[in-house]
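> These are the residues of each chain, in order.
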Amino acid sequence: MTATLPPTATPRSTATHCPYCALQCGMRLDGAGPLTVTPRDDVPANRGGLCQKGWTAAELLTVPDRITTPLMRARRGAPLEPCTWDEALDRIAARARRLRAAHGPDAVAVFGGGGLTNEKAYQLGKFARIALRTSQIDYNGRFCMSSAAAASNRAFGMDRGLPGPITDLGRADAILLVGGNVAETMPPFVRHLTDMRERGGALVVVDPRRTATARQADLHLQPAPGTDLALANGLLHLAVMEGLLDEDYIAERTTGFAAVRTAVNAYWPDRVERITGVPVPQMREAVRLLARGERSYILTARGAEQHARGVDTVTALINLALALGLPGREGSGYGCLTGQGNGQGGREHGQKADQLPGYRRIDDPAARAHVAGVWGVDPGDLPGPGRSAYELLMALGTAEGPKALLLFGSNPVVSAPRALAVTERLDSLDLLVVADFVLSETAARADVVLPTAQWAEESGTMTNLEGRVLRRRRALPPPPGVRTDLEILAALADRLDAPGKWSTEPAEVFDELRAASAGGLADYSGITYERVENEGGVFWPCPGEDHPGTPRPFLDRFATPDGRARFVPVEHHGPAEPTDADYPVTLTTGRVLAQYQSGAQTRRVAALTEAAPEPFVEIHPDLAERLGIAHGDEVRVTSRRGAATARARLTTAIRHDTVFMPFHWAGEGRANLLTNPALDPTSRMPEFKVCAVRLEPLGVNA
Amino acid sequence: MSIVIIGNGMAGSRLVTEIRARDRQVPVTVFGAERQQPYNRILLSNVLAGTAAPDQISLVDPAWYGRNDVDARLGVEVVSVDRAARVVHASDGTAVPYDTLVLATGSTAFVPPIPGTEGGLPAGAVAFRTLEDCREILAAADGARRAVVVGGGLLGIEAARGLAGRGLEVTVVHLAGHLMERQLDPGAGRVLARTLGRLGIRARLDVTVSALHVGGERVAGVGLATGERLDADVVVLACGVRPETTLARAAGLEVDRGVIVDGTLRSVTDPAVRAIGECSQHDGTVYGLVAPAWEQATVLADLLTGADDRARFTGARQITRLKAASVDLVAMGETHHGDDDPEVEVLSFTDPSRGTYKKVAIRDDRVIGAILLGETSTAGTLTQLYDRSAPAPSDRLSLFFPGMEGAATADSPLRMPDAATVCHCNNVSKGQIRACWEKGARTADEVAEGTRASTGCGGCRDALEGIVAWLGEQDAVPAG
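These protein sequences, in sequence, are chains R and E.
Using our numbering, read the first sequence as starting at 7 and increasing by one per residue.
Using our numbering, read the second sequence as starting at 3 and increasing by one per residue.
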């Protein structure tokens, strides 16, 4: 390939974005050999900042255990061995055909990821629906922001992460951040919070842990895990009693407030204090800060959302935002801090079980007709809605469930709740295919592993947490032997005699996505690569090339049939698994700065592994002392679903009754061996954020 | 299986909604003596204080009953229960059969049998209990100058505070030697009296009211056992409550102070009858607070709908919080311990001039009682420790003063060890910054470029600049 480069080529400089989180920090990749990373200051999200993950991102391109040839095992138990692409693809297609003939199209399932580009996510959804004709497709975004998405759809008729450009946050009077540790999960985001605070704005953080973010807050509320909803209802109760409501706004722009007002009458301050542990004076202060100016935000992240009542919890916070008149105005509102790189775009274009491109519902006849038209198939041939992520994973290999799974951009052996049971399900499949660029823990159990291009080796678009569509640009070609996901899907579609076009060019796929999304909620039809490049990204919805895009939706009306936002009364129920005598301690899970998600990428970067080398469990010194655990001891943490071992890290930043484990590591220290798969009734989000455990010292202080 | 509930107050209305949250089918009829929608009695003090309007404290919307298929008979009293036939007879002449009858009749305000109260209270005198009473008090207070509140318990003080907030001169007359003697020790009672004094509320302690004085049709004041007379335009009686058990007694159910129930909230006399809230008595205790009543409603809803057949009421811990503007007070459990019991560790902090009184009693490393008055920022921690009987933190000070635990100390560059992380976003230690400086970087920007320190969230920029400046100063000091 290098031979085709003009001999006079200067070292290339590629303006692109970080491979990791939804902030999608702008970065420049320079050089021809090992690439160097420089932060871009022309991207508002990071304005020249990068965290350690971003600075070291180029190392992903040279990880020593990169897979560059397809791998296959002859049978279960046999080792994975290199094979040709034709052998791998032929085997997948033949097995898929056989299973489909024997069990029907739902015998083959697809699992996607929130890190995939819009083009790939779109093509994957299309591949499932018209190449495999399976309803069984979902993705790891279900484990990410699905509760916030469902709550936003319910309240506003539309789900777009932030209500405006990220720079609006810097001019806020107050931000209430619930369950988000941005100082670790997306550090450059903090620059906007710092801007706000330097202008006199107040940061209020709600988190059971005194996190790096909470330490920077003007006010930190530290509720017991699983009680955020009660806290939100309590704050609204106080807003009502202290006369802080925006009555005109409520009358003009919303419906349903009377029922919510009645519902929060049952959340008087000391009742909420007893449920949450948050002192009443702090609640009063939080409401006062939030209501003192016009420009306030309520932001949620996984801490509020990853619960069996996550949708209701976010709804309670949206109710508060609506009562204060925040959403649908410039410079204020409710927002969800999406987690994964393309967590926003990944939830819009059809890799979700109930969804077609453009954030359309798969059970809506008009949506089916439109999308089937773009795809060149009969609407009647499109499958209906399928199982949600955890339900799909748990159905694998069962009598009623899929017999084969094609997995892209995810590592559920580490990231799914109740990981041991999920791993068993994966092992019971007739065929597990994993497309990845390294042998992740899930890939290692596959029958066929397809080596894929990564991040800087391919182009496409990502939609960041603002709802801004960005260009990911190719800085160098993938190593020989590696294919892009689009190439893999095209080759499989061909072998399956699929209808429709299967371009391997991201730009062409994006044009098809534009057409498929036209008229939908997430309308990308007016967005082009050129516009994205010239305009520094384009905010959806953008229904025409002459349309400027929509940085701030809802200014005139909400996306509901009557244009008004909906209040929905919600009740506190507490964690699905309360502590008891056998499992007396609450476990909450989350992330650390130097690792990302299942760690498949970051654990391969030396500097990050040095910064965060191994799993740990954060314990308050009092609890540790009672259990006979010293700092650095190996500890066994046991829940009803399994046991994990990790080193104790003693800190007073956590409540006495709660321990914390990050979920980035594989093996014995996997936090998700413990987590509770109780699902939210609406979003099907598992309750990652709270379960009951017990702890025992293993007595080793190695 | 049909359920009839008598009483639509805090306990009864909660039970109705808890049942419907679990079961949309089972026939439910609820009788409420008050005509209006059930409301949150806790918020009556807000109504008195003027922070909530009387129509803004309801717990159930009017349309809710219809939407949820609940037969709500508001303003209809049950006059008798025929347990043999399992039928209740109502004041409107109707009879409703039941499979399960739930008594949630609550309690009624106690009116002391003194001259002036026979044959009903005169205008301007109100026994404080219901929203209707609240409306009467507000009407009487309108244009009034002086008020006397008889009873210095929780309700009396809340009423006094509400009236004082409306500009009335208020005197609380109390039988015991200090205010809220059931919840507070004498020291806390004294600080509370002082705090109330500053808010224009006078407390007369250790004194009995002997009569209500009436002038014309209206109340004119109270007479004290000492022979004194306190003139007043409004008199609020807050002399405690008595469980309302008239129906239960008439129906032949075993009643002590309340209807006696077991852990399934079943009457010990008749398995078809249950009782919850202030009219019931469990294990010798009649609970007068909302939290236990709601807990009972949850348990009973679990049992009646089959949602959890093993649900049991095993008693409740009582936490009292005064709802009065500018008077923060929370009390729980055993608060009367002194320093005489070697088994009980008593911590206290008092600052009477600022109205602060804090006390925690600990036995077997568990919080068994606490008072926070004036400053309640650790109430969340204390209530949860008390509620869950969880071990008290070894750092006892954190029970009184929040944020004492692990308070961050700003390290000076001098004292910070080389291994200390300065930039968390990029994992840069002070040692690395020093090394970068030693290699020739002289400004914070140069060090940032060399080490990536401060290029993440930017939060360590000040620290970085401080270290660079300090390194410069060290360099400037001549060696030797």
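Some hints here could point you the wrong way.
Claimed, not checked - What follows is a set of in silico ranges between Cβ atoms, one per label pair, in the way DEER data are often shown:
(1) R:R221 x E:A125: 18 to 24 Å
(2) R:S434 x E:T316: 58 to 64 Å
(3) R:S434 x E:G433: 50 to 56 Å
(4) R:G648 x E:S82: 56 to 62 Å
To be clear, the hints were calculated from the coordinates, so they are not data collected in a lab.
Glycine included, each C-beta is placed from N, C-alpha and C at the ideal position.
> State for each hint whether it applies.
How the hints compare with the structure:
1. R:R221 x E:A125: 18 to 24 Å: violated (59 Å)
2. R:S434 x E:T316: 58 to 64 Å: violated (44 Å)
3. R:S434 x E:G433: 50 to 56 Å: holds (51 Å)
4. R:G648 x E:S82: 56 to 62 Å: holds (59 Å)
Hint violations for this structure: numbers 1 and 2, all remaining hints satisfied.
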